[in-house]
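S.K.: Use the sequences and the hints to build the structure in full.
Quick note, the sequences are listed as chains A and B, same order. Okay, so the first sequence: first residue is 27 according to this note's numbering, each after it adds one. Okay, so the second sequence: first residue is 826 according to this note's numbering, each after it adds one.
It cannot be assumed that every hint is accurate.
Claimed, not checked - Pairwise CB distance ranges, derived in the manner of DEER restraints:
(1) A:T306 to B:R1003: 34 to 42 Å
(2) B:A860 to A:E360: 53 to 61 Å
(3) B:E1008 to A:A312: 45 to 53 Å
(4) A:A150 to B:T912: 53 to 61 Å
(5) A:A362 to B:R997: 23 to 31 Å
(6) B:E1008 to A:Q157: 56 to 64 Å
(7) A:E331 to B:T912: 32 to 40 Å
(8) A:G348 to B:R859: 50 to 58 Å
To be verified - Over 10 Å on every C-beta distance to chain B, these chain A residues come out as not near it, computed from the model:
(9) P52
(10) D170
(11) A196
(12) A204
(13) P330
(14) T334
(15) D352
(16) R354
(17) G433
Don't read these hints as lab results, they were simulated from the structure. Don't be surprised by glycine CBs; every beta carbon is placed ideally from N, CA and C.
Next come the chains, spelled out residue by residue.
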Amino acid sequence: MSTDEQFTARLRGLADGLEAPTPVDPDALASVAVRRTRTRRAVVRSGALTAVAALVVTAAFTLPNAGRPPLPGGDASPSAGTATSPSPEVSAESEAAPSPDASSLPQGTPVPTVWRDPFVYEAATVPDGWQSTGVTGLALALPDFWTDRPQDTWQNLDWYDKVASDTQMAAMAAAEQAGGDGDAVPLVLTPNVGVFVGTYGTTPPPSNAALRDTNLAVPGADKAHLLVHEPNTGLPGLELSLIVHQAGGLWYSFHGNLPTGDEGLAMADAMAASLAFMATGPEILAALPAVDHLPVLELARGIPEGWTQHDKHGLGYALPPGWAVDTRAFEAGEPAVAAWYLPDGVAPGLDSDLTIIWSHEDYIPQHEPTQGTKRLMIDAANLATTFWGETDWGVDPGGGESALPVGTIVLVGHAIVERADGGGHYTVSWSLPAGSGPLVEQFLGTLTIQD
Amino acid sequence: MPPPALSADRSPAPRVEVIRTGSTAVDDFTAFARAHAAGLHRIAYLLCGDDHRAHDLTQLALERTFRAWPRVGDGNPFAYARQVLSTARIDGWRRTRRETTVSPDDLPGLTEDRPDATSGVDDRERLVRALRLVPVKQRRVVVLRYLLDRSEQDVAAELGISSGTVKSQGARGLARLRQLLTEEDA
Chain A
27 MSTDEQFTAR LRGLADGLEA PTPVDPDALA SVAVRRTRTR RAVVRSGALT
77 AVAALVVTAA FTLPNAGRPP LPGGDASPSA GTATSPSPEV SAESEAAPSP
127 DASSLPQGTP VPTVWRDPFV YEAATVPDGW QSTGVTGLAL ALPDFWTDRP
177 QDTWQNLDWY DKVASDTQMA AMAAAEQAGG DGDAVPLVLT PNVGVFVGTY
227 GTTPPPSNAA LRDTNLAVPG ADKAHLLVHE PNTGLPGLEL SLIVHQAGGL
277 WYSFHGNLPT GDEGLAMADA MAASLAFMAT GPEILAALPA VDHLPVLELA
327 RGIPEGWTQH DKHGLGYALP PGWAVDTRAF EAGEPAVAAW YLPDGVAPGL
377 DSDLTIIWSH EDYIPQHEPT QGTKRLMIDA ANLATTFWGE TDWGVDPGGG
427 ESALPVGTIV LVGHAIVERA DGGGHYTVSW SLPAGSGPLV EQFLGTLTIQ
477 D
Chain B
826 MPPPALSADR SPAPRVEVIR TGSTAVDDFT AFARAHAAGL HRIAYLLCGD
876 DHRAHDLTQL ALERTFRAWP RVGDGNPFAY ARQVLSTARI DGWRRTRRET
926 TVSPDDLPGL TEDRPDATSG VDDRERLVRA LRLVPVKQRR VVVLRYLLDR
976 SEQDVAAELG ISSGTVKSQG ARGLARLRQL LTEEDA
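M.R.: Next comes the structure, spelled out in structure tokens:
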């Protein structure tokens, strides 16, 4: 046997015994694969209908940007944020409900639908002063003064102690009002619990000796484990990791911060004891949301004359003349970010901007679809959605004073494009002058996924 | 640019027995996933060296396979799924979350019954680390040709490259791997 043969034989021996650290759950993987494929087919079947119907609906809508002069080179197609084409058939598997603002649409107009969690949550045990809540079919109890933060995707929820958070914010604001530094106020960990739901579990490696390290018996779960330990941040409090795998279903990974000492431990125990599944694993898998039912935004593909093509980490795009690289927020050579601006593009002293950020996080921020959210059909993209609308930057929605004059209408929007090859996703965001819908559509028509 | 066309026909890998007893495509596919998800996951892990990414790749391969099930279900779906893995993008992975994936068997308190699996673990971890440092194209060939013991012709067909390229990429990748492992030994 030659040296090479010996070496490769050794390699093969090592590889034969090698396994990835996390075993796969074939049933969950298969279920997700089937589901994604079915919803995709629903879109493919309905795409032609959407294209035809859009011609009719376009004329039926009064566009908020009507009356403003279109940008040079723009067409008259509706912007995704201002009009909607009929929804294609909704996947029979998704639990969908009309979007909240459907009543504002002309009677009889089909509207896109958004996924609503179909489960009603009843925790197994609810201590006094606590409430039942839940995520993706798994109920738990939390203190009733905790509230949930809006999240970008159904897979991630986050609850936090609003009283503690407000107290902290008030202390910082008071310090600043007194002429001090709000950041100098001692930071206290706000008790919170976030959860990631997926086909695999995640847990942070404990950095200190565990105060709880316990397997749990949760009906319907084949794995459940509670880990509580002190943080290595030096801040007071406890870190919680609660991982549950439903038999034939998904992983639920809870991570959070709890009050220090016995109080935090008791809360962790109460949360663990409250866990209860509201349905079987297959039932929950069948109820997962999909955004594939969103209407498709039909676009003219290609690079308009005079535009310049660019690439950011495999996303091809093009921009019209006048746009410059914006180095005020990002390094010009930042591999994952492309930032552009058009000086005074929106108004004198207010630039247009466009930013592309490539990311490969564990989940893709699929913003909850609204009436105006549409799909983009891009080769080699697994999923692509876009939304935009116009807003007055001269009015501070928080009631404060804006530095811009009232009537500074800006078109803001974003597109999220997921590579089908698993190479991450891109978040494209922009702010442009009012009436730039046609320009946005031209820009979106230049997007390509590259190897 | 659309992803490269995949053809199950050009892979002469062993055929997978699919027994049909009036079952549906979903039943057949689920049975296939149960039989082969772990194997696909292992290949994915060898290719990318990252547990999260391997999981995503396995999901991608299964999704594509089910999408093509009417064509490949009666043929060699494993070869098709492996080809998806082999040609998917395996670089560019950037970990942004601090969490690490946990195995149910690695959950504290669940490891007592496991047989001693420490033997060879260090070497395997070194192999995975070293593979990640081999350029992607070379790594694909090394994994398929040498670690999975596929023929030059099979690897060429699977990756859509010539046998000569397989030979040259494999030789360079193997040399690089040997160098990396030797450096670690030193």
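S.K.: If you check the beta carbons of E331 (chain A) and T912 (chain B), does the distance land in 32 to 40 Å?
M.R.: holds (35 Å)
S.K.: Grab the minimum beta-carbon distance between A196 (chain A) and chain B and tell me whether it stays above 10 Å.
M.R.: It holds; A196 (chain A) is separated from chain B by about 30 Å at its closest Cβ, greater than 10 Å.
S.K.: Starting from the range 45 to 53 Å, see whether the pair E1008 (chain B) and A312 (chain A) falls in it by beta-carbon distance.
M.R.: Since the Cβ atoms of E1008 (chain B) and A312 (chain A) sit about 51 Å apart, the hinted range of 45 to 53 Å holds.
S.K.: For the range 53 to 61 Å, tell me whether the beta carbons of A150 (chain A) and T912 (chain B) fit it or not.
M.R.: At roughly 47 Å between Cβ atoms, T912 (chain B) and A150 (chain A) fall outside 53 to 61 Å, so the hint is violated.
S.K.: Just want to verify: T334 (chain A) was marked as not at the interface with chain B; is every Cβ pair farther apart than 10 Å?
M.R.: holds (19 Å)
S.K.: In this structure, is the beta-carbon distance linking G348 (chain A) and R859 (chain B) contained in 50 to 58 Å?
M.R.: The hint (50 to 58 Å, Cβ to Cβ) holds, given that G348 (chain A) and R859 (chain B) are roughly 57 Å apart.
S.K.: According to the definition I'm using, a residue is off the interface if its beta carbon is farther than 10 Å from all beta carbons of the partner; does D352 (chain A) meet that for chain B?
M.R.: D352 (chain A) is indeed farther than 10 Å from all Cβ atoms of chain B, at 22 Å.
S.K.: Is the nearest Cβ of chain B still more than 10 Å from the Cβ of A204 (chain A)?
M.R.: holds (36 Å)
S.K.: P52 (chain A) clear of chain B by more than 10 Å, beta carbon to beta carbon?
M.R.: Non-interface label fails for P52 (chain A): nearest chain B Cβ at 4 Å, not farther than 10 Å.
S.K.: At 10 Å, judged by beta carbons, does R354 (chain A) keep clear of chain B as stated?
M.R.: holds (24 Å)
S.K.: Given the hint of 34 to 42 Å, is the C-beta distance from T306 (chain A) to R1003 (chain B) inside that range or not?
M.R.: violated (51 Å)
S.K.: Tell me if the beta carbons of A362 (chain A) and R997 (chain B) are separated by a distance inside 23 to 31 Å.
M.R.: The hinted range 23 to 31 Å holds for A362 (chain A) and R997 (chain B), with Cβ atoms some 29 Å apart.
In summary, the structure is inconsistent with hints 1, 2, 4, 9 from the numbered list given earlier, while agreeing with the others.
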